[in-house]
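So you can see what is in the structure, the chains are spelled out below.
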Amino acid sequence: MTEKERQRMLELLADQAAFGLNDEESAELRMYMNQFPEWEDDNSFDLTAAAIGLAHLNATEPLPENLHKRLAIDAEQFFDSTKKARELLSSASKSEETVGGFTPQNVGDEIIAETKSPFWQWLGWAVAAAACIALAVNLSLTRFQKQPEIVQEPKTIQTPTPELTAVQKREQFLASAADKIQTIWTEAKPKGGEISGDVVWSNTKQEGYLRLRGLPANDPNKETYQLWIVDETQNEKTPVSGGVFDVQGNGEIIVPIDAQLKVIKPKLFAITKEKPGGVVVSSPEKIIAIAKI
Amino acid sequence: MAQAILNRIASGDKAAVQECLDTFGGLVWSLARRMCPNTNDAEDAVQEIFIDIWKNANRFDALQASETTFVAMIARRRLIDRLRKTQRQPNIDSLEDVLAEPSNNMNRQIEISAEANEAAKAMKDLRPEQRQVLHLSIVQGFSHQEIADALEMPLGTVKTHARRGLLQVRESLGLGNIENEEEKHD
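Chains as they are written, first to last, in this note's numbering: chain E, 1 to 293; chain P, 1 to 186.
Isolated chain E, as found in the complex (with noise of 0.2 Å):
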């Protein structure tokens, strides 16, 4: 490890103690772990800023008797399938058949052991995880079968597959999308800071999603906001346009970024006001807010 990526490591680790990471941070990080992962125990920021947050603790609250019984629910589901898993993993492991190149016991030890993601990001994927393993073993152990059912005539009934709202979408790219980038919306002429939220966006997928709020409403009879991705590797004048959308009330919107050309290398977004339907070529005076990459 070099003195300069040891620096940025500590930086990172000292930053999700105080503040949390982005999701830019969070995968810089994870990049580190995975290169040293002689650092993916490190707790030691964490557990300090534990004990700056104990030291200012005046006094503690009983724990409320309802809340209490809630954790005790809470308790026996969480121990009644971990033991479920457990004894999975255990029957499976009798077969010496594999499956998908690995032994259950050992994946099942991935996850009920130690693993070698930091334990802070494989705490939400614990559960997806065990979830993967008991189907693992499920399809492993039917295999097995020594008199298979036979489907004479099967009957596949289609169910409407409802359609995701914008945040279900965002939050689905923000779980998939690997080389997203994320950026905060400012205001172009600051008023007092009424505009905020954040634009993120991944080149791989060509998908992005902005959120904002304080946007005014417009009226989209006479007019409409419109999004412009200016990308590094053409000309500033002609940025691409990312799609036109209305505001309608005063809450938080998320819209679907919807790029006209391939964006290859975005170093700003900004939106402007224009007349219904958009327009083909904008000016800079127009801009209402911006978000830097």
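Read the hints as simulated data drawn from the structure, not as lab findings.
Quantities reported herein were computed from a predicted structural model and do not represent experimental measurements.
You may find that some hints are simply not true.
[As the list claims (entries may be wrong)] Derived, one-sided and incomplete: chain E residues facing chain P with beta-carbon distance under 7 Å:
no.	residue
1	Q7
2	E11
3	A14
4	Y32
5	A50
6	A51
7	G53
8	L54
9	L63
10	L67
11	L71
12	A75
Note that CB positions come from ideal geometry on N, CA and C, so glycine has one too.
Mind docking chain P on chain E? Use the hints.
Chain P alone, transformed into the frame defined by chain E:
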């Protein structure tokens, strides 16, 4: 010596769960109340935190920190995640309030954990601006941008104060083991 509660939970001892709730329930609840906008949110957070505690019980290392500090660490991680999602708009304490010593609470701090006591001492040795940033971020849960806006300080400066302050307190607590080992091998 009695086995730590978290070690017993890690080995599947269900009876240890009740003890865990009795021992750490108040602490986790108090931390959640401090960093959540309302009681309902705090209750949801506490449920999530305890599941995190049970999942991570096997990672507790008594040689590194006390159970109380470990539990507080897990609670903090979850509460920070929730804060980042809700983007709460809290109030800022004045610098005077932040720098005021919690003089009546030293006994309680000792009871809470030895690390907390040491951290309190180490915080006194920090520069005022480092102490203020750490207080706003760790104790009150503000983001670095909120702190920068509130204190009219560049974002980079806020991060630098936090990083240096944390490094110094971490060193006082003797927690920088990996780095020290790396220095020996360099």
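Checked hints:
1. Q7: With Cβ-Cβ at 10 Å, over 7 Å, it is violated.
2. E11: holds, 6 Å
3. A14: This interface hint holds because 4 Å falls under the 7 Å limit.
4. Y32: Y32/E check fails; min Cβ-Cβ to chain P is 13 Å, beyond 7 Å.
5. A50: Hint on A50/E: holds, closest Cβ of chain P at ~4 Å, below 7 Å.
6. A51: Where the cut-off is 7 Å and the nearest Cβ of chain P is about 4 Å from A51/E, the hint holds.
7. G53: Interface hint status for G53/E: holds (5 Å vs cutoff 7 Å).
8. L54: Result: holds, 4 Å to nearest chain P Cβ.
9. L63: Hint on L63/E: holds, closest Cβ of chain P at ~3 Å, below 7 Å.
10. L67: holds, 5 Å
11. L71: Holds. Min distance 5 Å.
12. A75: holds, 4 Å
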